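Colleague: Sequence:
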Amino acid sequence: MAKVNIGLDAELVVEVMVLAGIGSPQDAIEAVVRDYVARGHRTEARTGLTDRNLREVDAKPQDPQG
1 MAKVNIGLDA
11 ELVVEVMVLA
21 GIGSPQDAIE
31 AVVRDYVARG
41 HRTEARTGLT
51 DRNLREVDAK
61 PQDPQG
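What the sequence shown shows, in full-length UniProt numbering, is residues 1 to 66, in sequence order.
Simulated from the structure, these hints should not be mistaken for lab results. Heads up, a few of these hints could be off.
Claimed, not checked - Across the chosen pairs, the derived CB separations fall in these ranges: (1) Ala31 to Pro64: 53 to 59 angstroms; (2) Gln65 to Val4: 49 to 55 angstroms; (3) Ala20 to Arg42: 15 to 21 angstroms; (4) Thr47 to Ala20: 22 to 28 angstroms; (5) Ile22 to Gln65: 53 to 59 angstroms; (6) Thr43 to Leu8: 20 to 26 angstroms; (7) Ile6 to Pro64: 53 to 59 angstroms; (8) Asp35 to Ala10: 17 to 23 angstroms; (9) Pro64 to His41: 38 to 44 angstroms; (10) Pro64 to Val32: 48 to 54 angstroms; (11) Gly23 to Met1: 20 to 26 angstroms.
Claimed, not checked - Only pairs whose alpha carbons sit at most 20 angstroms apart, straight line, appear in this in silico SDA-like list of lysine to any residue: (12) Lys3 to Pro25; (13) Lys3 to Gln26; (14) Lys3 to Ala31; (15) Lys3 to Ile29; (16) Lys3 to Arg34; (17) Lys3 to Val37; (18) Lys3 to Asp27; (19) Lys3 to Ser24; (20) Lys3 to Val13; (21) Lys3 to Glu30; (22) Lys3 to Val33; (23) Lys3 to Ala28; (24) Lys3 to Asp35; (25) Lys3 to Tyr36; (26) Lys3 to Val32.
Being a predicted model, the structure only gives us computed values, none of them experimental. Cβ coordinates follow ideal geometry from the N, Cα and C atoms, glycine included.
Use the sequences and the hints to build the structure in full.
Modeller: What follows is the structure, given as structure tokens:
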């Protein structure tokens, strides 16, 4: 897997490490990013069908009004 180097505020990283209970800054940030991505996938799976149904309703031709 490709690696990316980024700079983060040290206080932010330390807070993430404490909250996650992870001693390594790299591992703590990686855990947060992985959790964020997984949460996004869960949300998509939960709301995907609803969004698809709403798009189908919006796509149907509407009767003339007025």
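Colleague: Look at each hint and say if it fits the structure.
Modeller: Going through the hints against the structure:
At about 55 angstroms, the CB distance of Ala31 to Pro64 agrees with the hint of 53 to 59 angstroms. Checked against the hint of 49 to 55 angstroms, the C-beta distance between Gln65 and Val4 comes to roughly 52 angstroms, which is consistent with it. Ala20 and Arg42 have their C-beta atoms about 19 angstroms apart, which keeps the hinted 15 to 21 angstroms range intact. Range check, Thr47 to Ala20: about 27 angstroms between beta-carbon atoms, so the 22 to 28 angstroms window is met.
One distance hint, 53 to 59 angstroms for the beta-carbon pair Ile22 and Gln65, holds here, with the actual separation near 58 angstroms. For Thr43 paired with Leu8, a C-beta distance near 25 angstroms keeps the hint of 20 to 26 angstroms intact. In this structure, Ile6 and Pro64 meet the distance hint of 53 to 59 angstroms, their C-beta atoms being roughly 55 angstroms apart. For the pair Asp35 and Ala10, the beta carbons lie near 21 angstroms from each other, so the given range of 17 to 23 angstroms is met.
Between Pro64 and His41 the beta carbons are some 41 angstroms apart, a value that agrees with the proposed interval 38 to 44 angstroms. For the pair Pro64 and Val32, the supplied restraint of 48 to 54 angstroms holds, since their beta-carbon distance comes to about 52 angstroms. Against the hinted window of 20 to 26 angstroms, the Cβ-Cβ separation of Gly23 and Met1 comes to about 22 angstroms, which satisfies the hint. With a C-alpha separation of about 15 angstroms, the suggested pair Lys3 and Pro25 falls inside the 20 angstroms cut-off, and the hint holds.
With a C-alpha separation of about 11 angstroms, the suggested pair Lys3 and Gln26 falls inside the 20 angstroms cut-off, and the hint holds. Straight-line distance between C-alpha atoms of Lys3 and Ala31 comes to about 15 angstroms, which keeps the hinted pair within the 20 angstroms bound. For the suggested pair Lys3 and Ile29, the alpha carbons sit about 13 angstroms apart, so the restraint of at most 20 angstroms is met. A hinted pair counts as satisfied when its Cα atoms are at most 20 angstroms apart, and Lys3 with Arg34 qualifies at roughly 14 angstroms.
Taking the CA atoms of Lys3 and Val37, the gap is about 17 angstroms. The hint holds against a cut of 20 angstroms. Between the alpha carbons of Lys3 and Asp27 the distance comes to roughly 13 angstroms, so the proposed pair stays at or under 20 angstroms and holds. Annotation: proposed proximity of Lys3 to Ser24 holds, straight-line Cα distance about 16 angstroms (limit 20 angstroms). The hinted pair formed by Lys3 and Val13 meets the criterion: a straight-line CA distance of about 18 angstroms does not exceed 20 angstroms.
Restraint check: the Cα-Cα separation between Lys3 and Glu30 comes to about 11 angstroms, which is no more than 20 angstroms; the hinted pair holds. Restraint check for Lys3 and Val33: satisfied, since their Cα atoms lie roughly 14 angstroms apart, inside the 20 angstroms limit. Among the hinted pairs, Lys3 with Ala28 is consistent with the structure: their alpha-carbon atoms are about 15 angstroms apart, no more than 20 angstroms. The hinted pair formed by Lys3 and Asp35 meets the criterion: a straight-line CA distance of about 18 angstroms does not exceed 20 angstroms.
Only pairs whose Cα atoms come within 20 angstroms are accepted, and Lys3 paired with Tyr36 is accepted, the gap being roughly 18 angstroms. For the hint linking Lys3 to Val32, the alpha-carbon distance of about 16 angstroms falls within 20 angstroms, and the restraint holds.
Consistency with the previously given hints is maintained throughout, with no hint failing.
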